[in-house]
Amino acid sequence: MSLLSTEPLRLLASLLLIIAFVGLNAAYLVLAERKGAGRFQNRPGPNEAGYGGWLQPVADVLKLISKQIMVPPESDRLLFRMAPLVVLTPAMMCLAVVPFSDTLVARNVNVGLLMVFSFGSINVMAILLSGWASRNKYAIMSAARVVSQNVAYEIPMLLVVITLLMSTGTLDLSEIIKQQAGGFWHWNFFRLDVNPLAPVTFVIFFICMLAEANRAPFDMAEAESELVAGAFTEYAGMGFGVFFMAEYANIVLGCSLATVLFFGGWQTGLGALPASWGAWKVLIGLGFFLAKMYALVFTVIWVRWTFPRTQFYGLLNLSWKILIPISLFTLLLSSVMIKLFA
Amino acid sequence: MIPGASFIISAIFVAIVALTVVGALLAVMSTRIIRSVTGLALCCVGLAGLYYFLGSPFLALMEILIYVGAVCVTIVFGVMLSEPDEPDPREFKGRELAWGAVAIAVCAALFWAITRFAHAGGWVKLPAQQADGSVRALGVSLLTTYSLPFELISLVLLVAILGALVIARGGRDKS
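Top line first, the protein sequences correspond to chains A and B.
According to our numbering, the stretch in the first sequence is residues 23 to 364, in order.
According to our numbering, the stretch in the second sequence is residues 10 to 184, in order.
No wet-lab data here; the hints were simulated from the structure.
Note that this is a predicted model, so its numbers are computed, not measured.
Wrong hints could be hidden among the right ones.
Claimed, not checked - Quick list of the computed label-pair ranges, beta carbon to beta carbon:
1) A:L34 x B:L59: 16 to 26 Å
2) B:G64 x A:G309: 57 to 67 Å
3) A:A35 x B:A127: 49 to 59 Å
4) B:A112 x A:K361: 48 to 58 Å
To be verified - Sample of chain B residues at the chain A side, in silico, Cβ under 7 Å:
5) I43
6) F67
7) L70
8) I73
9) L74
10) V77
11) G78
12) V80
13) V82
14) V85
15) F86
16) V144
17) A146
Beta carbons are placed, not taken as given, at the ideal position from N, Cα and C, and that holds for glycine.
Make the full structure from the sequences, and use the hints.
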């Protein structure tokens, strides 16, 4: 026990749990996505494998694993094989600083928020490399799109986060959650006294999160109907599967971050739990966190099957002409409010 | 402490140093420019690890955010717009080889001097971390103690932007 409670082993165990969490999430969110798509399009979705289709992910994974991984002869072999690793690892590293419940965090870093953004920025590089290494014109087009898209949406995202940071004054994710203790009106989403446009800030954050995770209606990286499968065209079998794991890991990460920053993380929103509940408090907190997070994940899926893909110019215009000015305005407004009333 | 904790720490340190060196070598020695950029990115991740070992996680994360997330991506984007393929391998002429030898000699001398300096210098241990590393302390120190370097860096960036504009406009006039 004394050996197990030491920091390196605890960290190792947490990281293994995170890997399992990412894998299971990817498998079952794909099922949820296909089921959801079915419902939105008035058809049942996958329902053959297992009761109600719940064995479908297992079948999918078996199929992906059994397929041969092909490396196109013209490609840059080293970078081609490296890209799936580079795309998945940073997302997992970011999840290590996300507090899933009180004390339930792999490693509490006092610059946690910055860590999420810095490792999150590697994602672009990875998709860029996969697109370039494929030596395929669709993949290269997709890579070029990914860069301009991510650069454009990183700016409003960071502006929104800076707006929040001014009121929280810390980069520590656990600390940010603790500041939102008490009733749900203490959540940053409802803190209209600090930032009268807090809900707008959240909407901008959510849109940028969709764009950074390359999700519809901003899925320019994949864009099946124009670019075959974009940067992933040449990948087969599990190489392709890893990109999807990374995509879902990024969605889970983005939604976790939105939960932490705007919806009080693992706080119940009904006031503090009695101290006598002990370990149950951690589990209840985890339940609340997952409920909020998966509600946001469902919204992401809902958006994908409701809105058509935007055009590329529409995408860039949205960021540079609408989101950046609005987020700059909220930044100014929030700073004025804090200076005058806090 | 678990047994071998110091061994684990030194192993991680060696891995980070190796990452930095291998990344730097890859950046310099690769003929394919996209691989050079990947090497640069690896080198920056290694540097971030070194900063972490020096006790400044903020700087480490900034290194990754700016150099991997922005600078390397911009370089790759630039490469994509300009050069589609790797250049043909070519023979080096005698003159180039001579200059290469001079460069190697200068580098070796510099490396030797820095190593001597590092070993000989009477290093004074800094008093424990001056600021608590919070956002507030960081902002205050950037706008008071270090405001001159901060402003100078912004001036350098401004000059770079102007230079880019001049080059871009010049190119446009010719066509």
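A quick look at each hint next to the structure:
1. A:L34 x B:L59: 16 to 26 Å: With Cβ atoms ~23 Å apart, the hint holds.
2. B:G64 x A:G309: 57 to 67 Å: 38 Å, violated
3. A:A35 x B:A127: 49 to 59 Å: For B:A127 against A:A35, whose Cβ atoms are near 39 Å apart, the range 49 to 59 Å is violated.
4. B:A112 x A:K361: 48 to 58 Å: 55 Å, holds
5. I43: Holds, because the Cβ-Cβ distance from B:I43 to chain A comes to roughly 6 Å (cut-off 7 Å).
6. F67: 5 Å, holds
7. L70: Result: holds, 4 Å to nearest chain A Cβ.
8. I73: 4 Å, holds
9. L74: 4 Å, holds
10. V77: 6 Å, holds
11. G78: With Cβ-Cβ at 3 Å, under 7 Å, it holds.
12. V80: 10 Å, violated
13. V82: Holds - the Cβ of B:V82 comes within 7 Å of chain A, reaching about 5 Å at its closest.
14. V85: Cβ of B:V85 sits 5 Å from chain A, so the hint holds.
15. F86: 5 Å, holds
16. V144: Hint holds; B:V144 Cβ to chain A Cβ min 6 Å, cut 7 Å.
17. A146: Check failed: Cβ of B:A146 comes no nearer than 11 Å to chain A, outside 7 Å.
Consistency with the previously given hints fails for numbers 2, 3, 12 and 17, ordered from lowest to highest.
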